[in-house]
Structures are given as structure tokens and as C-alpha cells.
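K.L.:
Following the hints, position chain B against chain A.
2 protein chains.
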Amino acid sequence: METELKEILNDLKSLQNSFSDPSLHSQFDKIRCRIESLVSLAKSGPMHRSKVKDMSAEVVDSNPYSRLMALQRMGIVENYERIRQFSVAVVGIGGVGSVAAEMLTRCGIGRLLLYDYDKVELANMNRLFFRPEQVGMTKTEAAVQTLSDINPDVVFESYTMNITTIQGFETFMSSLQNKSFNPNKEGSGVDLVLSCVDNYEARMVVNQACNELNQTWMESGVSENAVSGHIQLLVPGETACFACAPPLVVASGVDERTLKREGVCAASLPTTMGVVAGLLVQNTLKYLLKFGQVTSYLGYNALKDYFPTMEMKPNPQCSNSACLKRQEEFILAKPARDAAARTKIEAEALSSTESPVHADNEWNISVVDDSEFGVTNTGSSDVLPEGLAHELPSADGYENLPASEETSNPLDDLDDLRKQLETLNAEKS
Amino acid sequence: METELKEILNDLKSLQNSFSDPSLHSQFDKIRCRIESLVSLAKSGPMHRSKVKDMSAEVVDSNPYSRLMALQRMGIVENYERIRQFSVAVVGIGGVGSVAAEMLTRCGIGRLLLYDYDKVELANMNRLFFRPEQVGMTKTEAAVQTLSDINPDVVFESYTMNITTIQGFETFMSSLQNKSFNPNKEGSGVDLVLSCVDNYEARMVVNQACNELNQTWMESGVSENAVSGHIQLLVPGETACFACAPPLVVASGVDERTLKREGVCAASLPTTMGVVAGLLVQNTLKYLLKFGQVTSYLGYNALKDYFPTMEMKPNPQCSNSACLKRQEEFILAKPARDAAARTKIEAEALSSTESPVHADNEWNISVVDDSEFGVTNTGSSDVLPEGLAHELPSADGYENLPASEETSNPLDDLDDLRKQLETLNAEKS
Numbered sequence: 001m002e003t004e005l006k007e008i009l010n011d012l013k014s015l016q017n018s019f020s021d022p023s024l025h026s027q028f029d030k031i032r033c034r035i036e037s038l039v040s041l042a043k044s045g046p047m048h049r050s051k052v053k054d055m056s057a058e059v060v061d062s063n064p065y066s067r068l069m070a071l072q073r074m075g076i077v078e079n080y081e082r083i084r085q086f087s088v089a090v091v092g093i094g095g096v097g098s099v100a101a102e103m104l105t106r107c108g109i110g111r112l113l114l115y116d117y118d119k120v121e122l123a124n125m126n127r128l129f130f131r132p133e134q135v136g137m138t139k140t141e142a143a144v145q146t147l148s149d150i151n152p153d154v155v156f157e158s159y160t161m162n163i164t165t166i167q168g169f170e171t172f173m174s175s176l177q178n179k180s181f182n183p184n185k186e187g188s189g190v191d192l193v194l195s196c197v198d199n200y201e202a203r204m205v206v207n208q209a210c211n212e213l214n215q216t217w218m219e220s221g222v223s224e225n226a227v228s229g230h231i232q233l234l235v236p237g238e239t240a241c242f243a244c245a246p247p248l249v250v251a252s253g254v255d256e257r258t259l260k261r262e263g264v265c266a267a268s269l270p271t272t273m274g275v276v277a278g279l280l281v282q283n284t285l286k287y288l289l290k291f292g293q294v295t296s297y298l299g300y301n302a303l304k305d306y307f308p309t310m311e312m313k314p315n316p317q318c319s320n321s322a323c324l325k326r327q328e329e330f331i332l333a334k335p336a337r338d339a340a341a342r343t344k345i346e347a348e349a350l351s352s353t354e355s356p357v358h359a360d361n362e363w364n365i366s367v368v369d370d371s372e373f374g375v376t377n378t379g380s381s382d383v384l385p386e387g388l389a390h391e392l393p394s395a396d397g398y399e400n401l402p403a404s405e406e407t408s409n410p411l412d413d414l415d416d417l418r419k420q421l422e423t424l425n426a427e428k429s
Numbered sequence: 001m002e003t004e005l006k007e008i009l010n011d012l013k014s015l016q017n018s019f020s021d022p023s024l025h026s027q028f029d030k031i032r033c034r035i036e037s038l039v040s041l042a043k044s045g046p047m048h049r050s051k052v053k054d055m056s057a058e059v060v061d062s063n064p065y066s067r068l069m070a071l072q073r074m075g076i077v078e079n080y081e082r083i084r085q086f087s088v089a090v091v092g093i094g095g096v097g098s099v100a101a102e103m104l105t106r107c108g109i110g111r112l113l114l115y116d117y118d119k120v121e122l123a124n125m126n127r128l129f130f131r132p133e134q135v136g137m138t139k140t141e142a143a144v145q146t147l148s149d150i151n152p153d154v155v156f157e158s159y160t161m162n163i164t165t166i167q168g169f170e171t172f173m174s175s176l177q178n179k180s181f182n183p184n185k186e187g188s189g190v191d192l193v194l195s196c197v198d199n200y201e202a203r204m205v206v207n208q209a210c211n212e213l214n215q216t217w218m219e220s221g222v223s224e225n226a227v228s229g230h231i232q233l234l235v236p237g238e239t240a241c242f243a244c245a246p247p248l249v250v251a252s253g254v255d256e257r258t259l260k261r262e263g264v265c266a267a268s269l270p271t272t273m274g275v276v277a278g279l280l281v282q283n284t285l286k287y288l289l290k291f292g293q294v295t296s297y298l299g300y301n302a303l304k305d306y307f308p309t310m311e312m313k314p315n316p317q318c319s320n321s322a323c324l325k326r327q328e329e330f331i332l333a334k335p336a337r338d339a340a341a342r343t344k345i346e347a348e349a350l351s352s353t354e355s356p357v358h359a360d361n362e363w364n365i366s367v368v369d370d371s372e373f374g375v376t377n378t379g380s381s382d383v384l385p386e387g388l389a390h391e392l393p394s395a396d397g398y399e400n401l402p403a404s405e406e407t408s409n410p411l412d413d414l415d416d417l418r419k420q421l422e423t424l425n426a427e428k429s
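Chains A and B, in that order, are what the protein sequence lines are. The first sequence begins at 1 in the UniProt record's numbering and counts up one residue at a time. The second sequence begins at 1 in the UniProt record's numbering and counts up one residue at a time.
It is possible that part of the hints are untrue.
Identical copies go unnamed one by one, so any copy, or any two together, can satisfy a pair.
Claimed, not checked - Below, simulated BS3-like cross-link-like pairs (lysine-lysine); rule was C-alpha separation at most 30 Å, straight line:
1. Lys-119 with Lys-53
2. Lys-6 with Lys-51
3. Lys-304 with Lys-185
4. Lys-30 with Lys-13
5. Lys-304 with Lys-334
6. Lys-30 with Lys-6
7. Lys-290 with Lys-53
8. Lys-334 with Lys-290
9. Lys-304 with Lys-344
Think of the hints as simulated: they come from the structure by calculation, not from any bench.
Same shape as in the complex, but just chain A:
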């Protein structure tokens, strides 16, 4: 609008210059003046908030961070402003991913990487975030438009591409490794990857990338009948990866077989997706800012308001070779971890004047050990907490998988497992 008005202004000026009568000039000036005020109106556009250099805890209406910095005063978070150093990648900007991205943006995350290849449709309007006026835009473009208006302090990178293609995977990998935002960061260029995709294949791709890069990530999902969902933390080598165990879903109590048979158009609800996005980003904040308990697996059954939790150890016979490599590294690093834990306990005991803890107490050390290795190995067994079920249909021989720790010939079994998983994947895709 601004450019067009300026062009009209120029045309009008040259027309005006062809007259010498001063009374006509005043009439032209009047019209030009009105157009000029429209130019400045078009220039200002809707009110935008300016960037904020430091997060302030000052309690004034104009401070967008006052209610977040209050988390420090309330004793919940030690240093909230650290959030500006973190980079989070959100893969899939649909019903869960878009809301997760908005929550992170409003929390003032340092940098957000957004991945999606899809366009906004009216059929997406039953979930939060996208607006009808954005129909036809790519989801990444629409998201960056909305999010940078909401918080200009966040650095956005958008990738409009399919990560399951060869070229898409390469770009995905290199984008995660780019350290220009925080050159001193250890490991990859991002602190966390959030998988908010809606299919098995894309999850396996995120899993592959994160195993290769030794990148901690969180997975999320919502069932096709829209009434259950889950989030899951995946730490390569330490927890089960997505290929270690068939993916779990929260049983809704509705017959899943009927559901799968009936059709291709999945149902969805803004409620279920909003809850899953909220739980996912809450877990992200707890992980990044080190408060509360970071959850390994949290399910949500909306029909019963039931929230099962569980932990999953890695499968020593996982079909993913990068996962096996990370498992080896994790085992090799155990003595170093134990020593670090011991040092930490000793330091805490020395600095503590209120509670007399003995620095060399064996029991203390074994507690740390427990929380690392004492988790239930449900990764390759069928023993699941109430309310959880496997997402994929069971295939012949699938239920006779060898228990991972009792295997006599790991190599043969590993091949078997690979073949079975390949069969399952082929059925699914």
C-alpha cells in the first residue's frame, strides 16, 4: 500500500508542476497532504512491540517478561533468563507443533527452528494457531509471520521441506549442526528437538537424526480418534530410542481395529492437541531450565482423564545401529558419571550446614545409580502400565520376541528383530 501511494503522489506532483496558477496549487497541496498522511498510516501498520535487550523482572504493564521472571522470585526457576541461550527445533507445525512453537515464543526462547512442507487449509481451523486469512500460505511462513509479531526477540529459522526425502534429511541434519547462534555450545547446534509430526516414517527420521547426532529429543503424538495423546523424552543411549520398542499409544477404550478400518480422515480436537502441546513444552522448560521432574513418558486419555507414566530402557538389540553405538558410549561413560555424582554429593554435603549428610555414604551413591539404571525394562517386553498399548498391530512372531537380557545369540536375534520391524514398517507406510 505504501509504495502505491508514493507512486500516486509522484504522478500528482508532476501534474501539479504543469500549472502555474497559485490557487490550483493550494488545491493540489491539500490532496497531496491527505495522501501523505495515508502513507505514514500505511508505514506504521499495526502496533508492534519493540525488541527487549534484557529480560526485566519489573512489575509494569509494558513488560512482556514480568510474569516469567516472577518464576525466579517464587523459587521455581533459578535463572529464567538462560532461556535466551537455548535453541529448540520443532519438527511438524501442525496442531501440536504450532502451539508448542507459540508457547516457546511467548516464553522468550532464544532460537526456534521450524520444519514443515505443508500449507495452511481451512480444514486445519479446528485446531489452535492458524487463522483463515493464512489459508494457502506454507505453515512455516504463516508461523513465522504470527510468531515474530508476538515476540520479535526470538530468532526464527524456517525450513519448508519434507525431512523424509534424501535432500530434506541432509538439510535437516546440517541445520541441527549449525552453531552460529551459540558457537561455544557442546554437541549439536540445538538444545532440544521436538517431534510434532503425524506419521511413523517422519518419527523414524527424527529418531535417526537424533541418534546420529547424540541429540536429546522429545516425541509427541495424538491418536486418530483425537481423544488420547502422549509425550516422551528420548536421550540416545540412555532411554529407549523410537526404534528400540514398537511405539506406544494411550488406549482410549474405543476399539482401535474399527477405527483403523473405517477411514483415512483422522479426527482432531483443539483441546487434546492443546493439552499435549502444553505438556510437551512444560517438559521442555523443566528440561532446559532445570526445575521439577522431567517426565520420561506421559500419556493422556481424555475420555477418562487418566495420565499413565512409565520409563523405557534402551533395547540392546535395537535395529538402529546409531542407537547401539550410543548405548555402548553410555555404558563406557558409567564410571565417569558415577565419579561426577559422587563429587556432586560430596560438594553438597560440604556446603550444607543444615542437614548433616556424610559425603562418603555408600547409600547416597547407590540412589543415583538406581535412578539411572533401575528403570523397568518395558522396552522389549509386553508388560505395559495400565492404559498403554502398542500402536502397531501385532504381527506373527512379534509377540515371541526374545527377552533382551536373556539372549544367547545377540547377533541372530538382532537380525530377526530387524526383519520383523522392516515388515511392520512396510505394512504401516
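P.N.:
Frame of chain A; chain B shown alone:
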């Protein structure tokens, strides 16, 4: 912009008419043509979606309801389109209320009544929904602007006022009783009231209105340290009202006394508020569309991802006289309810050909009875499920409240209880 451009066009036309030279006319025409194209550009504005007469289940990108109507095909909801007949009042358009209103709008609710007296500030930007360009607008005005763009099928009514003033309360009451949207509806003019306010006084006002109108409502809340919240269903006479028992909060494990002492600026997070709004509207959908189990009380402890539930019977010594009246009516209507339940069971038994249920089976009837009256009376006792605590600090004598069913002199005790609650309220406000 459109009006201004048209005025400029008129000025230009009258200036043009003062010349007779045809060569000058063509130059004027050129400029006018450019302005006219800007008028039509300004007129069209951003793309809006048009109204939809009937909800269709057709699976096309342009159908905003396809993913919701899929809930029917998936066997979750029997008749989704009924949602268009319902009116929901959202009191308080803050961090929870605005998201709840957006979810209901995207679900295609028939009519939304919005109540708030506050203005949008930059300090609200750490929660979902409001945008920086809306700063300075009233929350109701900004909400209706955003929501009617998202779904023009919803009928919006906004009330920019404080319900805790005498005049505000009167308007609140009459707005809830207005039946013009659905003249044949029984009871009040709305199907559900959602309380999304942030203070005790406003909750007591919603409680008063709903008790007087015999109006079912749901309460929601988020703690001052932003890491816990709850939702609660309140059915006058059937469940505890908000005055029946001191309000409950989900304990976060953080020392609440420190928290209360430290300051006035509450912390807030888009995650916690998004989760609470999601759980609240999910419960609303289950209640209105009759699917799943409607939850009586659901807490959310974000630090531990713990979700306590409970049920609360009304307190026969409640300080609210309208509540006592509703309790009386509920008891008087018991025989009619029992008869209806018996008829329903008989009808189901007759129509059922698969499972042979005996229509006059005593056990069946007693099950229905159980679910109505067999709930734990934690309303006036200190026996609370793990993870729940009273929101108000305990006062002297508060812990010695008589157990409601063992009272020898109900009238004296009722007076005592009233006095104690008044003292507590005075401390809180």
C-alpha cells in the same frame, strides 16, 4: 483507509472538473484509476472465511469442520453438530479464559458469552491468545475481533464489565437468563458457565449466580507460582458448591507460605494455562456432547506431572442459602431420578439382544444410586487425596469444623461456619 481514499478521490474529481483540456483529463484519469484500485484492495482486506450453513463431514481441505465431524465416524461422539445449539459463558478472558474461548470457537460452539473488564497489556504476552497489536483494547473487544475472524459461525456476546459490582452482577444474571438464542431451552439461557477468573471474590460471585439460577458450571484455576492448576465441575445441589468447602489447590511442593509472603506479581506460564484450558474445554465437550467420563475435580501438578482427582458432596451446612435450597430440591427429586434410572435400565435391557440384563435387577438400580450418592464426602473434612491442599490458610477453629453428618445442632454450627468463612474471606480480599 477505504473512507480516506474515497474522500481523496472526490477532491481529485472536483479539481479535474475545473479543467476542460482533454489531455489533462487523461492524466487525472490515470491517477484516479490507481486510487480506485487501492480502494478495492483496502475493501477486500485479509481473506475471511464465509459462514457455513450445515456442518459437513466431507473430507476436503476447504471444510473447517471435517476433522470434528470425523469424531462421529470414529464412534467418539454420537451427534457432533448438536454443538451449534449450545451457549457457553466464559467469565474472565485471561490466560485460561481466552484459550478456552478460542477452543470452543474452533469447535464450532453455537454461542459464546464473554465477560471481562480488563485491557490487553504487554505483560499478558507470556500467555497464549492476545497479540501485541491488541495492547490497549479491552480483552472482550480483542477476543471478539480474533474469534469472529477464526469462526464467523459462532454468535458472540461480549460484556465489558466487572461482575463483582452490584450493577455488573445484575447484568451478569440477566445475560445468563436471556433465552433469545434458544427459546425452547429448559432452565437458564446458557448450557454451561466456565469460571476463568483469577481471584476468590469473582469465583464467589459466579458461585452465587449459578446457585441462584440452578446453573451447572465449571471452575478453573492456576496457582500463583504457575506450576499447578485445577478444573472442577459444580452442579448446584448435587456436588459441593464453591462455598461448601474451602477451595482446594494442587500442592506444588514449593513452600506456599514463602510464596504468599514474597510478592504481589503472580508468575504465569503459557504451558500451565494452556493445559488447564484444554482440560476445561475437554470436560465441557464431554459434558455437552455426552461422551467419555465428565470429571468432577482434576488437578495438575506440573513439577511432577501428577493429576489428582476427587469428588465432593455438598455441605449440608453451606453458608450459601441458595446452595442449601438446591440441596433440598436435589434430595426431594431423588424418587423421580430413581424411577427415571429404572426406566432407562429397563428400556436398555429390552432393546439389548446381546447382553441379557434383567430389567428388575435390584443390583443394577443400586449401582446408579451409588454413583449419585456414594461419593466420598471430603467437602468439609480434612481428608484430601495426595497432592491436594486447601487454598486458604487455616484459621483457629477451622480444623475443628464439625463433621457435617454427625452434627447435633445444625443451626448453631451453620452460624459458626458462616462466621469462620467470613473471617477467611475478609483475610483473602
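K.L.:
Are the hints correct? Go through all of them and say.
P.N.:
We went through each hint and held it up to the structure:
1. Lys-119 with Lys-53: Result: close only across copies, 25 Å inter versus 34 Å intra.
2. Lys-6 with Lys-51: within (29 Å within a copy, 36 Å between copies)
3. Lys-304 with Lys-185: between (43 Å within a copy, 29 Å between copies)
4. Lys-30 with Lys-13: Answer is both: 12 Å inside a copy and 13 Å across each meet the 30 Å cutoff.
5. Lys-304 with Lys-334: Answer is between; shortest inter-copy Cα gap is 27 Å, intra-copy 41 Å.
6. Lys-30 with Lys-6: both (16 Å within a copy, 15 Å between copies)
7. Lys-290 with Lys-53: For Lys-290 and Lys-53, only the intra-copy Cα distance (24 Å) is at most 30 Å; the inter-copy one is 50 Å.
8. Lys-334 with Lys-290: For Lys-334 and Lys-290, only the intra-copy Cα distance (22 Å) is at most 30 Å; the inter-copy one is 53 Å.
9. Lys-304 with Lys-344: between (42 Å within a copy, 23 Å between copies)
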